Amino acid sequence: MYKKDYEKFKYEGTGSQGELTDYKIITYSFDKYQIKIKLKPNNIFLDVIEIKINKEFLSHKQMITHADSHDVEEFYRK
Amino acid sequence: MFYQKEIKKELRFGDILKGYILVSSNIEEPKLNIDFKINVKVPDYCVVLSPCCSIGDKIISLSPLIHIFSDFFNNPYFKEDLIRINRKMLPEQSVAPRVWEGFSPEEKKRRKSLGKIYALVDLFIYKENELFPEYPIPRMHEENIKTKYYMIDFKNTYKLNCKKIVNPKDFPLESRCLQLTKDTRSELRFKIANYYSRVPKEDKILED
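Going down the list, the protein sequences come from chains P and U.
So the first sequence is numbered by this note's numbering: it starts at 1 and just counts up by one.
So the second sequence is numbered by this note's numbering: it starts at 1 and just counts up by one.
Just chain P, same shape as in the assembly:
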């Protein structure tokens, strides 16, 4: 019983300010923005928490392109 109270206190806080954690927050990348959204456990949209600029401006695809190279090895063999 004591342990159950402790868990309740740990996750729900005290008093009327405590908020039930029946949601999840995920970060979604869109273009150059990073959007934090609040979802129900069954993925139903609840709210937008935060929008910020993604400081990693290169997308994964751009980074791959960045790492390309000129294919010229066959002309320099010896």
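The set of hints was computed from the structure by calculation and includes no laboratory data.
It is possible that part of the hints are untrue.
[Stated by the list, open to error] If you anchor each label on the Cβ, the simulated ranges turn out as follows: (1) U:P133 x P:S29: 34 to 42 Å; (2) U:Y196 x P:P41: 36 to 44 Å; (3) U:K146 x P:K32: 50 to 58 Å; (4) U:I7 x P:I37: 52 to 60 Å; (5) P:K32 x U:Y196: 26 to 34 Å; (6) P:R77 x U:E29: 55 to 63 Å; (7) P:L39 x U:P97: 54 to 62 Å; (8) U:S54 x P:F45: 40 to 48 Å.
[Claimed, not checked] Derived lysine-lysine pairs resembling DSS-like cross-links, with alpha carbons at most 30 Å apart: (9) P:K78 x U:K159; (10) P:K78 x U:K79; (11) U:K116 x P:K32; (12) U:K112 x U:K5; (13) P:K32 x U:K88; (14) U:K201 x P:K78; (15) U:K112 x P:K78; (16) U:K112 x P:K32.
[As the list claims (entries may be wrong)] Taking beta-carbon pairs under 7 Å as the criterion, some of the chain U residues facing chain P (in silico): (17) D71; (18) V95; (19) A119; (20) V121.
It should be emphasised that the depicted structure is a prediction, and the values quoted were computed from it without experimental measurement.
In this text, a Cβ means the ideal position worked out from N, Cα and C, and glycines have one as well.
Given chain P's structure and the hints, the job is docking chain U onto it.
Coordinates of chain U only, in the frame set by chain P:
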């Protein structure tokens, strides 16, 4: 400047060392029974390829300095300055003019769309130095060229155990011959990072 005028005490990524052996094991194919050959060579010079922060614990990654390819001299852009091989370049600079002219218009367009990127991703040229022995570059229908330029091949990297390599400040000082300048070391770092960060075509398709 390619090499540091006053060598710093610490052993750094890209430094040139002497006196380290090169051991490579050779097998015909992977087998469960023991059937292998071991080659031991003593290269004149080898290059530290352990990142600066990872030098120590009695282990070091090295790559021997090897002769450059005579084919480099077929490309006037390289012939003028071999160090350009270490840097990003435009597609028409990466091959000899006669090779570029041999590409179809579509191929030229495809290559031009890549812009300024690395070529010969495995290789990094080390500038001539009075310390290095000169050697001839055989040329077809032309007079041989003598050079003191060398290079390393990132594919040719090996690990060596040496109990005297304790950390970058505690290593056999007498074995170190040359040190790259900070800028040259950055160029080596960027090119080797590019070498390891390439993504195979099949993985690119999965990403699309």
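### Query
Taking 30 Å as the top limit, are the C-alpha atoms of P:K78 and U:K159 close enough?
Given that 30 Å is the threshold and the Cα spacing comes to 26 Å, the pair holds.
### Message
So if I understand the rule, the pair passes when the alpha-carbon distance is 30 Å or less; does U:K116 with P:K32 pass?
### Response
holds (24 Å)
### Message
Using the nearest Cβ pair, does U:V95 come within less than 7 Å of chain P?
### Response
Since chain P brings a Cβ to about 5 Å from U:V95, closer than 7 Å, the hint holds.
### Task
Would you check whether U:V121 satisfies its interface hint, that is, whether its CB is within less than 7 Å of any CB in chain P?
Holds - the Cβ of U:V121 comes within 7 Å of chain P, reaching about 5 Å at its closest.
#### Entry: P:S29 and U:P133 - C-beta distance against the hinted 34 to 42 Å
This hint is violated: roughly 54 Å between Cβ atoms.
### Message
Quick check: does the Cβ-Cβ distance between U:K146 and P:K32 fall within 50 to 58 Å?
### Response
Check passed, 54 Å falls within 50 to 58 Å.
### Message
U:K112 and U:K5 were given as a pair; does the straight-line alpha-carbon distance stay at or below 30 Å?
### Response
violated (39 Å)
### Task
For the hint on U:D71, just tell me whether its beta-carbon gets within less than 7 Å of chain P.
Nearest chain P Cβ about 4 Å off; hint holds.
### Task
Hint says 36 to 44 Å; check whether the CB-CB distance for U:Y196 and P:P41 agrees.
About 40 Å separates the Cβ atoms of U:Y196 and P:P41, which means 36 to 44 Å holds.
#### Entry: Cβ separation of U:S54 and P:F45, checked against the hinted range 40 to 48 Å
holds (46 Å)
### Query
Hey, does the U:A119 contact hint survive, CB to chain P under 7 Å?
holds (4 Å)
### Message
Is 55 to 63 Å respected by the C-beta to C-beta distance linking P:R77 and U:E29?
### Response
violated (25 Å)
When each numbered hint is compared with the structure, violations occur for hints 1, 6, 12.
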